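**Student:** Protein chains in written order, with my numbering: chain Z, 1 to 430; chain W, 1 to 263.
Don't take every hint at face value.
Said to hold, decoys possible - If you only want the chain W side, here are some residues facing chain Z, beta carbon under 8 Å, derived:
#1 K5
#2 C16
#3 L21
#4 L30
#5 L31
#6 A34
#7 T46
#8 L97
#9 P140
#10 C199
Derived by calculation from the structure, the hints in this document are not laboratory data.
Small disclaimer: the values here were computed from a predicted structure and weren't measured.
By construction, the Cβ of each residue, glycine as well, lies at the ideal position given by its N, Cα and C atoms.
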Amino acid sequence: MTRKTVKVDVLARVEGEGALKVVLRDGKVESAEFNIFEPPRFFEAFLRGRHFVETPDIVARICGICPIAYQMSGVHALENLLGVKVEGPLRDLRRLIYCGEWIESHVLHIYMLHAPDFLGYDGGVQMARDHGDAVKRGLQLKKVGNEILQLLGGREIHPVNVRVGGFHRAPRKRELAPLAEKLKWAREAALETARWVATFDFPERERDYTFVTLRHPDEYPFNEGRIVSNKGLDISAAEYDAHFEETHVAHSTALHSHLRDGGGAYLTGPMARYNLAFEQLSALAKETAREIGLGESCRNPYRSIMVRAVETIYACDEALRVIENYEQPDRPFVPVEPRAGVGHAATEAPRGMLYHRYQIDDAGTIADAQIVPPTSQNQACLEEDLIDIIGGFSDLPHKELQYRCEQTVRNYDPCISCATHFLKLEIDRG
Amino acid sequence: MEARKPRLAVWKFASCDGCQLSLLDCEDELLAIAGAIDIGYFPEATRGEVKGVYDLSLVEGSVTTAHDVERIHEVRRRSKTLITIGACATSGGIQALRNFADVREYISIVYAHPEYIHTLETSTAISEHVPVDFELRGCPINKGQLVDVVSAFLAGRRPNTQAHSVCIQCKLKGNVCVMVAKAMPCLGPVTHEGCGALCPSYDRGCYGCFGPKETPNAPSLSGWFAGMGMDSKGLERIYRTFNANAEPFRKESERHDAQDRKG
Ligand code: SF4
Ligand code: SF4
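All chains should be built: construct the whole structure from the sequences, respecting the hints.
**Tutor:** Shown next as C-alpha cells:
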C-alpha cells in the first residue's frame, strides 16, 4: 500500500490564510481538508448591542475584497425587518455599486490569482514579464470596477456611502457620465478577457453539482430573489435556516454548510448563477459565452474562470444600463424607523451567496446576528472536488499534483478572511 | 553589476485583507512598484517565496493568538524595516472590541464547540509586541499614502503623511461642516487625516476609521455630542469601532461606559 500526502502550508493567491491537506492511498483520495487558520474575529458576537444603523460600516470590515456584498446583504436584511422597500433609482444604484464590486473582484481573481495557474507562473506580477499587455489590460479593467466603487461609495475598500434605506448621498446624473465612457472600454476589455481565458488548457473534469443561487423573475441575480437550486429547492431568504445548516466539527477548520435532510454539499457563486440564470445575462454576455465554447451550462470547475469573464461582461452591460437610465432621486434614502423583529436577506457576492439574519428590539439595538459567508457555504463542496477530481490526477508527480490541488481550491476564489466562522486549526501532520 | 533590489514581504495577522489589497488596488503603480522591489513574500499575490531577511516588511492585522505573538517576533527578526499598515495593525482593529468583553462569551455566541477555539482575550497592535519603524493609519489605509510610504522607503526619505485632523482636510477641501450646518455628530475634530475628509464629502459625519489624531481632545467633543442629544451608550459606542483600542478613544469610551453603569 502506498500512501502519500500532499500538503500546502500557506495557500497562496487566496484572500486570507488557508492550508490544504490531501491524503492519497493507492492512488485514491482518502481524505481532503481545506484548512483555514484565520483566527476568529467574532463579528456576530460584537454586532449584539450595536445600533442597527451601524451595520453597513461594521459588516464591511469582515472582508476587504467584497465589502459591498456584506453591506448589501446587511441593509437588505434590515430593510426586510423594518418593512421598507427601496425602489427606483436607489435600487438601481445598488445594482450599480454591486457591478463595481463584481468587476474588480472577478478581474482581480482572473488576472492576478487564477490565470497564473493556467500559464504556469507564481503570480500576476511574475506573469506580467511575459504577458505584459494582458496584465495591463486586467489592471485597467479592474480599475474601472474600482472607479464605480469610488464614485458611489467614496472608496473601493469599505465604502462609506451605503446606509439602511439607500445612500448618504446620491450622485448627480452628470457625475455618472464619465463612467459610461470608461465602461464602454471596459466591456471591450472584458470581451477580450473572455477570449483570452478561453485559450487556456482546461483539465476535462465535470461534476454533478448542486447549484444554489438567487432567482429573480426579471434580472440576473444580485440583491433580491428566492433561493433556488437545480435540484428543486425554491425558498425565500427567511426560510434559509430551515433548509441549510452549519456544523462545527473537531477535525475541520470551519463551520461547513450543508443542505439539511441529506441534501449535502452545494456550490454557490459564478457557476451556480450561470447555470441557473443564463437566460438573464445580457445579449453580449450570452453571445460571447457561445462564441468561446462555454455553452449554456458549465460543470467543469476549472472553466469557472471563463464564467467569471462572461459575468464581467454582464456587469459592464448592466452598469451601463443603470447609468443610461439614471435620474437623480429627490432624496438619497428612504427614512427608516426602528421596530422589533427579525429580518433576513441573501445577496450574490462575486464568489457566492451571502446570507444575513438580524434580530433587533424596539430601540433598534441588535439582539442577535447570523452571517453565513460564501466560503463557508462552498467549503464542503470544495473538499468534495478535491476528493472527486484529484483522484483522477494521482499519477502526476508530487509537485504537479500539489499545483493541481492548489488550482482546484483557487477555482473557488475562496475568501478566507470573510469566513467569520473559521477557526484556528491544529494541523494533524501524522 | 546591477545593485540588488530591496526585498519586500507582506505579512498578515487578524484582519480583513483590505489593507494589503490596497497594494493590488494601485492599478497604475503596481507594475512600477514591482519593478523597483523584489517581492519576497506576499502570499495573497504570489506563491513564490524567498527565504531569509527582508528589507521592508509591511504588516497587516492584529495579534489575537499565542502563535501570533511568536510569529510577530520572528517577522521583526527577519525585517530590516517594519511598517504596520491599517487600524488592525496600529490599534488592534475592530476585533479589539473583545478587549471590552468576555471573550469566552463571544466564543460561545459564535461557535457550537468553544473547546476547539484557541484565542487570546485581547486583540493588540503590532507595536505592543515589537518595535515598529512607521505606522500607517486607516481602516483601510489610503493607497496614495501607501505608495508614498513605499516610495519614501525606496528613496530613504520620511513619508509625507500628516497627523492633523479630518477637520483641517475639510477646510482645505472647502466642505461645509456637517456638525455645524446639519447637526450630524462627527468625529472629524479628533480623527487622524488620511482619507481626504471622505465622510463629510458624502453628507455624513466621520466615524473615526483613521483613529485618533495627535493630541485629540475627545472629552470636549463628547460634550458637544451630548448637547446634540447623544446618551452615554451612544457616546461609548461612537469611540468603539475600528480603532476602539487606540488609547484616546479607549479612555473616552471607558469613561462613558463607567458613567452608564453608574446610571
Ligand atoms: S485596518 Fe480595516 S481595512 Fe485594514 S485589514 Fe484591518 S479591518 Fe481590514
Ligand atoms: S471621514 Fe472619518 S470615518 Fe470617514 S473615511 Fe475619513 S477618517 Fe474614516
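**Student:** If a hint holds in the structure, say so; if it doesn't, say that too.
**Tutor:** Against the structure, the hints come out as follows:
no.: 1; hint: K5; result: violated, 13 Å
no.: 2; hint: C16; result: holds, 4 Å
no.: 3; hint: L21; result: holds, 5 Å
no.: 4; hint: L30; result: holds, 6 Å
no.: 5; hint: L31; result: holds, 6 Å
no.: 6; hint: A34; result: holds, 4 Å
no.: 7; hint: T46; result: holds, 3 Å
no.: 8; hint: L97; result: holds, 4 Å
no.: 9; hint: P140; result: holds, 4 Å
no.: 10; hint: C199; result: holds, 5 Å
In summary, the one numbered hint that this structure violates is 1.
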